[in-house]
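Protein chains: 2
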Amino acid sequence: MKQIFLDVLPLEKAAQLLLMRAASAFEGLDRTETVDVASSGSLITAEPVFARYSSPFYHSSAMDGYAVKFADTFSASEAVPLHLTTGKDAFYVDTGDPLPEGFNAVVMIEDVNIVGDCIEIYQPLTPYQNVRTIGEDIVSTEMIAPMHHRIRPVDMGAMLASGCLKVKVQKKPVVTIIPTGTELITPQQAEKGLKAPEIIEYNSVVLSSMVDELGGLSVRNPIVKDDFEEIKNAIYEASLTSDIVIVNAGSGRGSEDFTAAAINELGELLINGVSIKPGKPFIAGMVNNKPVLGIPGYPVSAYITFQLFARPLIYKYLGLTPEDPDQITAIVSRNMASPMGVDEFIRVKVGVVKDKYVATPISRGAGLLMSVVRADAMLRIPADSEGIKAGSEAKIDLINSISKINNTIVCIGSHDNTLDLLANALKVKHPELSLSSAHVGSMGGLMALKRSEAHICGTHLLDEETGQYNVPYVNKFFTPGEVVLVTLVHRQQGLIVKKGNPKGIKGIEDLVRDDLLFINRQQGSGTRLLLDKNLRERNINPYLIKGYDREEYTHMSVASAVLTGLCDTGMAIYSAAVALDLAFIPIATERYDIAITAELLNTEKISALLDIIRNDKSFREAVERMGGYDTSSMGETV
Amino acid sequence: MKQIFLDVLPLEKAAQLLLMRAASAFEGLDRTETVDVASSGSLITAEPVFARYSSPFYHSSAMDGYAVKFADTFSASEAVPLHLTTGKDAFYVDTGDPLPEGFNAVVMIEDVNIVGDCIEIYQPLTPYQNVRTIGEDIVSTEMIAPMHHRIRPVDMGAMLASGCLKVKVQKKPVVTIIPTGTELITPQQAEKGLKAPEIIEYNSVVLSSMVDELGGLSVRNPIVKDDFEEIKNAIYEASLTSDIVIVNAGSGRGSEDFTAAAINELGELLINGVSIKPGKPFIAGMVNNKPVLGIPGYPVSAYITFQLFARPLIYKYLGLTPEDPDQITAIVSRNMASPMGVDEFIRVKVGVVKDKYVATPISRGAGLLMSVVRADAMLRIPADSEGIKAGSEAKIDLINSISKINNTIVCIGSHDNTLDLLANALKVKHPELSLSSAHVGSMGGLMALKRSEAHICGTHLLDEETGQYNVPYVNKFFTPGEVVLVTLVHRQQGLIVKKGNPKGIKGIEDLVRDDLLFINRQQGSGTRLLLDKNLRERNINPYLIKGYDREEYTHMSVASAVLTGLCDTGMAIYSAAVALDLAFIPIATERYDIAITAELLNTEKISALLDIIRNDKSFREAVERMGGYDTSSMGETV
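Residue numbers (my numbering), protein chains in the order written: chain F, 1 to 638; chain D, 1001 to 1638.
Don't read these hints as lab results, they were simulated from the structure. Hints are not guaranteed to be accurate.
Distance condition first, Cα-Cα at most 30 angstroms in a straight line; then the derived DSSO-like pairs of lysine-lysine [what the hints assert, rightly or not]:
(1) D/Lys-1503 x F/Lys-69
(2) D/Lys-1605 x F/Lys-395
(3) F/Lys-395 x D/Lys-1395
(4) D/Lys-1395 x F/Lys-356
(5) F/Lys-225 x D/Lys-1498
(6) D/Lys-1499 x F/Lys-69
(7) F/Lys-88 x D/Lys-1498
(8) D/Lys-1404 x F/Lys-395
(9) D/Lys-1168 x F/Lys-195
(10) F/Lys-404 x D/Lys-1404
(11) F/Lys-168 x D/Lys-1617
(12) D/Lys-1429 x F/Lys-166
(13) D/Lys-1013 x F/Lys-429
(14) F/Lys-503 x D/Lys-1088
(15) F/Lys-356 x D/Lys-1356
(16) D/Lys-1429 x F/Lys-395
(17) D/Lys-1171 x F/Lys-605
(18) F/Lys-13 x D/Lys-1088
(19) D/Lys-1356 x F/Lys-195
With the C-beta cut set under 10 angstroms, the calculated list includes, among others, these residues of chain D facing chain F [said to hold, decoys possible]:
(20) Gly-1096
(21) Leu-1160
(22) Gly-1181
(23) Tyr-1315
(24) Ala-1559
Which residues of chain D face chain F? A few of them, derived with a C-beta cut under 8 angstroms, are [as the list claims (entries may be wrong)]:
(25) Ala-1062
(26) Met-1143
(27) Pro-1299
(28) Ser-1401
(29) Val-1578
Beta carbons: idealized from backbone N, C-alpha and C, even for Gly.
Let the hints inform the model, and build the full structure from the sequences given.
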């Protein structure tokens, strides 16, 4: 195996190079097939479709009534009704019936009087009155659909109506996805449980679904180990049966990244690294005249490089140009620095606050799939920019629809699992509404509310002086009446300890024990304030606690420090213990409120949310079932 | 069979009544099933999905490098590098590898120097530097997706990543479509050819595709004859196996409309007529506690009543609220009167002209499926309005996307099949661009151009005085330089006669023959002007021609008058003869130009179009293959 190093390419250049090479390879393939119109939905026409027959292909009645010759009816009037003999001068026709030869108008049944074997008519008819003439809808030889048109239900109707029963369409490109990685296991294997270093292989499911959504035909291959020969063979085999091959992971430059070398040995390596973030380790080449894409393993990198490189290839195969994503202009709520020379793609949440779209970045890590799950839109900071200043406008590419964004309540602040249950309860009662949360801590949330980036904020800030929750902080940062506080829950804070509590920790007093190593939360956090208050009340000198000076930044990192043996105990909420299956010693309860921008209180979506908080019994029960929560004050305005 | 007449209901009332009854019927059904996440794409969650494991579920390296304990590295500096023994204080890790227990940071491979069995470090590390901590992406117990959420590829990824391998989803509602009509034949039967009064049954294909697109599971039943008992049986059988039944056609009040009576006998008729246009004969009821919808037979009525009544039921079954269609505000280009008390749905073409969206109505007939095929949007004139004035603004519901509309060249004017070929050639070369035509005649087209409703206009107006085409008219209506004329083709006008020319007509001179019946075009039409010029040149007195005073309004209606024996001959273009398989005697050629708003000449889309007209050989050949066209002046500016 020979390691290959090409220059990292700029995005546009890389995309163009790959598309050009793939396009010329596709041109040599027979990419069309003929199918029944009835099974052609969503396929792409491979040639224009022309009407074979006119529709209607005979003059037919547009009404229930009598077919007549309009020239016979000139003399008809209310004063002197005209009599026409049925079966001779007039024939009964239902809607859709053909007119007898030579007949060219229809008088509606409700406009005639039947007198013996005659009908009486009171008004002259005009030529083709109440008649669907030949070709009224479709004229034979006219074009129903051009080439490269995505066939919609109504197009199928028009094709059939005009006698086109088969249609030549573009074949779906076969896209084979090869997951690689020795540590990967299939979802089926994971049913028995997981142990490190196993990772559930899910990228191939995401990628294949995206292929199918775009009109491709995905094939998911079995997982291939990190072995050069095995990967090489898998790529070669796939290149024989596919139009596009995607290798997932193994595209970096680590000791087990073999894709570039494999492509290089089997064919030609075109791209080995692109100056984008995330997604830099993307590689691509041609094997057997088929494009082979090395998509990075981090899920966000995989998602973004698929959109940038695989999607255009699928469109090109189908004869289409990708539609531009829907764009809106939003106000960016934070400074976002970005290195020059790199196209950076930042997932953002978008809220409509005071009739403006506000885009707030979500954590940027390439490993954070949830940042895509939670994103409303993608913001691209181009290579020639050093970033975007807070308050400036930017174009963003929508992931969720505008109407979904308009119907979303944006919650930024401290996270609590209750918010998840609240989001769900909202969806159950109002499927059109969404509650979407970003987790930045209580203080960050209040600041976001202040900057109009959010509609509501989850907060649990203890004021040391007064012992009050949230109110002193709201009073400090907001003008009176600007924000309303509504209590969601009281929740338990406590000491997280290993399962079975092997060191027999009973409470705060034990923290000074010599055999215990503690881990703390950062200064200013609600949990730190709560701990310090508890220590003061018990007259415990914090500096006697081993590890008091070691700080973590989230409940979960405290819990995982306990789990992995970095320490014996730390303070966090009950749900963090549950999440990692650890034991929990309750110490105190704290009030978790929702701060709401007051002027939104009467909007439909906030009213719906408050109604659930105040009156939805099943929501309340679901919260209580989680454990560690007291819902007795739920919905009270503070 | 007892005929039932209920009051015609207003739209909102009818929609609400049906939805309410269907919703309470659906509530009694088990509408959920559990599926593998990998096959859950686009399905709707039936309960919230909570993470089973954290992801990552162990601390893992985010880089290729060495795992260390950050506390060991405090003293490292460029001046005094720190040495750590590999296999004891430092362990090599690839990206994704778990950290050894007690290790909590990773130094990147490129930042160390390997010295024997030690690594040299030049900077202290921070806690968890280059480490993906437990739950960094997903925390066990956190909500991945709420209930009633449409599962996207990234959601599937997040579910699998967090150990959710199965997901409870809403079942797809089974929607059975029963086509009824004695005259209907299947597309397969139509392969052998069509004869009156046969009609190819296509509505069920359109309706079932729409069902499937919305996430339902459509079943297309065989065609049922217009027979009360057979229709009743078909409805009953379908109600046993379906969640929703759709009967197509037979919903009016004609002699063969049995659906209402059948529903009434089998269950309860709720709706028998709705005050909408088109779609008034819509009916609905409950049979076996299943909603049964009688959708009218006219294709536009079928399309609109499906959207208004069937779509909300499918969403309701799935636990969803239909998303509002994307709306834009457009300037309405024509007066549109609409009766009070009726909600009218008008298909419109939308063009971006001078940065404004202009909506132009397409013919309103309920039988014109092509009016839906060609529509960009739907304009609703509510029941409490008498219509919309030209020049006023209206909200329209988009059928095509905004980006498609932005990329569309709007052509209003005289129709010629060459425009279809041009539209296709444009699609072949520029898949993102579209040429969309509305047919209102040359003069109507020039007026549309004048009112900025169109970008280009097809025109063939002969000036009697000068014998010139188009130029005198453009000079009359536009200021100099406002419009550019580009020749598309010269096309043949001639006499259309029955196949085989049974009366042996040779030319204009024969029109005065006693045994011939002629049919004329309306005064002011280009064809009438051309005929009169030819008569004058031959000194023929028009009033000696039998039928000279009978006028038709289109080429196709002249041709169909010949086909159906109303007359022996009439003047029209060659393609009208081809469309109805008639014979043609060429008389003269006329110039067919495209008038283009001058200020658009350099826009991308018009340039692309002109490039095809001027330089695309295969387009030119396709036009010539149609016959009756001379392309020698194609692309010349007049």
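>> Does F/Lys-395 sit within 30 angstroms of D/Lys-1429, going by the straight-line distance between their CA atoms?
In response: 29 angstroms, holds
>> Just to be careful, I want the Cα atoms of F/Lys-88 and D/Lys-1498 compared with a cutoff of 30 angstroms; is the pair within it?
In response: 26 angstroms, holds
>> Hint check: D/Lys-1605 vs F/Lys-395, CA-CA at most 30 angstroms. Holds or violated?
In response: At roughly 23 angstroms apart (the allowed maximum being 30 angstroms), F/Lys-395 and D/Lys-1605 satisfy the hint.
> Taking the closest Cβ pair, is D/Gly-1096 under 10 angstroms from chain F?
Replying inline: Holds. Min distance 7 angstroms.
>> D/Lys-1356 and F/Lys-195 were given as a pair; does the straight-line alpha-carbon distance stay at or below 30 angstroms?
In response: Not satisfied, since the Cα-Cα distance of roughly 60 angstroms exceeds 30 angstroms.
> Per the CB criterion, is D/Leu-1160 less than 10 angstroms away from chain F?
Replying inline: The hint holds - D/Leu-1160 has a Cβ within 10 angstroms of chain F, the shortest such distance being about 4 angstroms.
> Has the given pair, F/Lys-225 with D/Lys-1498, been kept, meaning a C-alpha gap of at most 30 angstroms?
Replying inline: 74 angstroms, violated
> Should the hint that D/Ser-1401 touches chain F count as held when the rule is a Cβ pair under 8 angstroms?
Replying inline: 7 angstroms, holds
> Any CB of chain F closer than 10 angstroms to the CB of D/Gly-1181?
Replying inline: It holds, given that the least Cβ distance between D/Gly-1181 and chain F is near 8 angstroms, below 10 angstroms.
>> For F/Lys-395 and D/Lys-1395, compute the direct alpha-carbon distance and say whether it is at most 30 angstroms.
In response: Within the cut-off at roughly 24 angstroms; holds.
> Is F/Lys-404 close enough to D/Lys-1404, meaning Cα to Cα at most 30 angstroms?
Replying inline: The hint holds at about 21 angstroms.
> Would the pair D/Lys-1395 and F/Lys-356 pass a check requiring their Cα atoms to be no farther apart than 30 angstroms?
Replying inline: Roughly 20 angstroms separates the two Cα atoms, so the pair holds.
Hints 5, 18 and 19 from the earlier list are contradicted by this structure; the remaining hints agree with it.
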